[in-house]
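Chains as they are written, first to last, in the numbering used here: chain X, 346 to 723; chain B, 346 to 723.
Source of the hints: derived by calculation from the structure; they are not laboratory data. Misleading hints may appear alongside valid ones.
Since copy identity is lost for identical chains, a pair holds within one copy or between any two.
[Stated by the list, open to error] Here are the computed lysine to aspartate or glutamate pairs in the DMTMM-like style, where the Cα-Cα straight-line distance is at most 20 Å:
no., residue 1, residue 2
1, K559, E390
2, K521, D347
3, K598, D650
4, K559, D410
5, K559, E385
Here is what each chain is made of, one letter per residue.
Protein chains: 2
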Amino acid sequence: MDDVVILGVGMTRFTKTPERSVADMGQEAVLAALRDAELERSQVEAAWCGTELSHPGVGQRVLKDIGMTGIPIVNVENACASGSTAVQSAMAAIKAGMCDIALAVGVETLSGKPGLITEDPTTDVMWGSGWLLPSFYALLTQQHMHRYGTTREQMARVAVKSHQNAMHNPYAHFHKLVTVEEVLNSPLIADPITLYQACPTTDGAAAAVLCNEKTARRFTNKPVRIAASALTSGTLKTRAAAVEEMVSRAVQKAYEQAGLGPSDIHVAEVHDAFAPGEIMAYEDLGFCAPGEGGEYAERGLGEIDGTGVPTNTGGGLLSRGHPLGATGIAQLTELTWQLRGQAGQRQVEGAKNAIALNMGGTVFELEANACMITILQA
Amino acid sequence: MDDVVILGVGMTRFTKTPERSVADMGQEAVLAALRDAELERSQVEAAWCGTELSHPGVGQRVLKDIGMTGIPIVNVENACASGSTAVQSAMAAIKAGMCDIALAVGVETLSGKPGLITEDPTTDVMWGSGWLLPSFYALLTQQHMHRYGTTREQMARVAVKSHQNAMHNPYAHFHKLVTVEEVLNSPLIADPITLYQACPTTDGAAAAVLCNEKTARRFTNKPVRIAASALTSGTLKTRAAAVEEMVSRAVQKAYEQAGLGPSDIHVAEVHDAFAPGEIMAYEDLGFCAPGEGGEYAERGLGEIDGTGVPTNTGGGLLSRGHPLGATGIAQLTELTWQLRGQAGQRQVEGAKNAIALNMGGTVFELEANACMITILQA
Chain X
346 MDDVVILGVG MTRFTKTPER SVADMGQEAV LAALRDAELE RSQVEAAWCG TELSHPGVGQ
406 RVLKDIGMTG IPIVNVENAC ASGSTAVQSA MAAIKAGMCD IALAVGVETL SGKPGLITED
466 PTTDVMWGSG WLLPSFYALL TQQHMHRYGT TREQMARVAV KSHQNAMHNP YAHFHKLVTV
526 EEVLNSPLIA DPITLYQACP TTDGAAAAVL CNEKTARRFT NKPVRIAASA LTSGTLKTRA
586 AAVEEMVSRA VQKAYEQAGL GPSDIHVAEV HDAFAPGEIM AYEDLGFCAP GEGGEYAERG
646 LGEIDGTGVP TNTGGGLLSR GHPLGATGIA QLTELTWQLR GQAGQRQVEG AKNAIALNMG
706 GTVFELEANA CMITILQA
Chain B
346 MDDVVILGVG MTRFTKTPER SVADMGQEAV LAALRDAELE RSQVEAAWCG TELSHPGVGQ
406 RVLKDIGMTG IPIVNVENAC ASGSTAVQSA MAAIKAGMCD IALAVGVETL SGKPGLITED
466 PTTDVMWGSG WLLPSFYALL TQQHMHRYGT TREQMARVAV KSHQNAMHNP YAHFHKLVTV
526 EEVLNSPLIA DPITLYQACP TTDGAAAAVL CNEKTARRFT NKPVRIAASA LTSGTLKTRA
586 AAVEEMVSRA VQKAYEQAGL GPSDIHVAEV HDAFAPGEIM AYEDLGFCAP GEGGEYAERG
646 LGEIDGTGVP TNTGGGLLSR GHPLGATGIA QLTELTWQLR GQAGQRQVEG AKNAIALNMG
706 GTVFELEANA CMITILQA
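Start from the sequences and build out the full structure, keeping to the hints where you can.
Here you go:
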């Protein structure tokens, strides 16, 4: 069966634009991805749209004013992994022979909405459940500190690096350097997570055009192959164990699909909705042993010129921003640029294999809804 | 590439159960489908959940308390075609070789929610848009009456037949006969549509277990082959033309995929959210020529013992009920029972080929969001 490749990617700047609609932002990303793929709108045969909070009809709303309805459109939801789920769904349809060229778009407008993740911790209640995502991550983090001696400074280093990388990403929400001290002294949200260790409220959209490898040969740009796409959901274990197990199973499946291991990876995008998440991701992806993620951050191994795997070169969720449904595709957009050598001042030289960890949970009792691991190859 | 078959189906009774959660109803349908397929929960490798109004995390909420999380779960939305979209997504993943056995579940709880379609026309405003689905269907119907001379009595006949069929379906919302006079004299919702020509507010869930044909040979029950699955969205034409075009393109694609035509079809399920919808569906599916749908109803050709294509044998949306995300799978459940000869007193003798028309629109400017045509074969 033919492999599936990414032919084009595009995104809006991630920022606060309460005046813009989901449709408006989605369109900008779609048109950018089509330009990048050097395709006409009429060449897209089917579309998948990922969003967490903008159902129903989001894909239709995005595509109608740019004359792209008529084709099959499917809207998908998988919490903060909705974007990468849209990509996997498009990939499945191509592999199934249902279409040759497909679009995946992810979009979310969060500014002006009651906070899921917000700068104001006092309003950070999702649908009144009383179970807050920052608190949940804080508990996971406390556990990590207790088991492994991970320090607050190590976590702050993740936020510092994230802001450094975002300085060179014109699509990022923040263009501002922060110091370890500033991160640690920013307002406490849920101990040990401080404000600068939490992703901001961001609006944005990202899109990718996919096709099968055979079709891609007709095009002149550099297609990026999807070498693995592995999705899991959480199980009924205790909450922390459910997350760990969900992620580790997805990672294992993805490495198996790609026939690669951690030492083959040159660049990574991981789900740092909160800074400690990146430390856990270093371990989950096998970049270091369990418990060594804090030191990995402290030694700067994940920096663009670090000796480990450069991680979140685009600024990650912390500094690029985290418009929920868009994030998974923004990660793949950054990795596509990296694999093509188009990442400018944040380019990881010679990157050939890239991995993305996109995960999501809703606060409806089950916190571990989805984990998607995607491996891309130049 | 292997064909995909339906190995098992199941549904809740469609009725008003405001005390039951989406998760609870979904679980009942899933477990029924698994029993029908003679499968253990652990044999399901991936799941798709269709809902219009219960995002986010609906599939995870349905599956977690029955120990079925851990596997890939994707939630899909396509307005009132969300259920059949979940089936198509599961089918695509199987065809793509991503899994062998997949679950599709559709679920919606509408009672107690502000009305999308409700018995009380004064509250029938979806998200304050001011553009009501009954009004939209009423305009389509007025146009049909004007162009073809379709009569109010002909439309009422659809509702009468629907209630007759539902009498023999234990899963149907209504078990009550109505006469043409009662239908015409029921309160006017949007001229010419009266109350008994509009689907009720219904809660419910339906599920189907799918697998590839090769895997199906290991099982003893009668698999039903998915011979076609064609999805379209609406274009930017005038609203009525957009619906007509969306449906006709999906129908054409489906017949082509299956290598069948209207004269090969033995039983049909169509999207009669409002009674005139069934008359239009007779025409759209080629059971009669354009404009002859009214006469088709009047002559009873779509009745179970009619000489045309028995249509909505389970009561349709009008009398079985229309829990949005569940409807598409309930249609396929009814057709699976028909093709297996398990439809009891509503059995169409010797049915080998069946077609389902599931469509949906949200009232966000674009009324024609999705049309899915599925053709099943014994």
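Cross-check of the supplied hints:
1. K559 with E390: Cα proximity of K559 and E390: one copy only (16 Å, versus 29 Å across).
2. K521 with D347: Neither: 43 Å inside a copy, 54 Å across copies.
3. K598 with D650: neither (29 Å within a copy, 53 Å between copies)
4. K559 with D410: Neither: 31 Å inside a copy, 43 Å across copies.
5. K559 with E385: within (18 Å within a copy, 39 Å between copies)
In the structure shown, a violation is registered for the earlier hints numbered 2, 3, 4, in ascending order.
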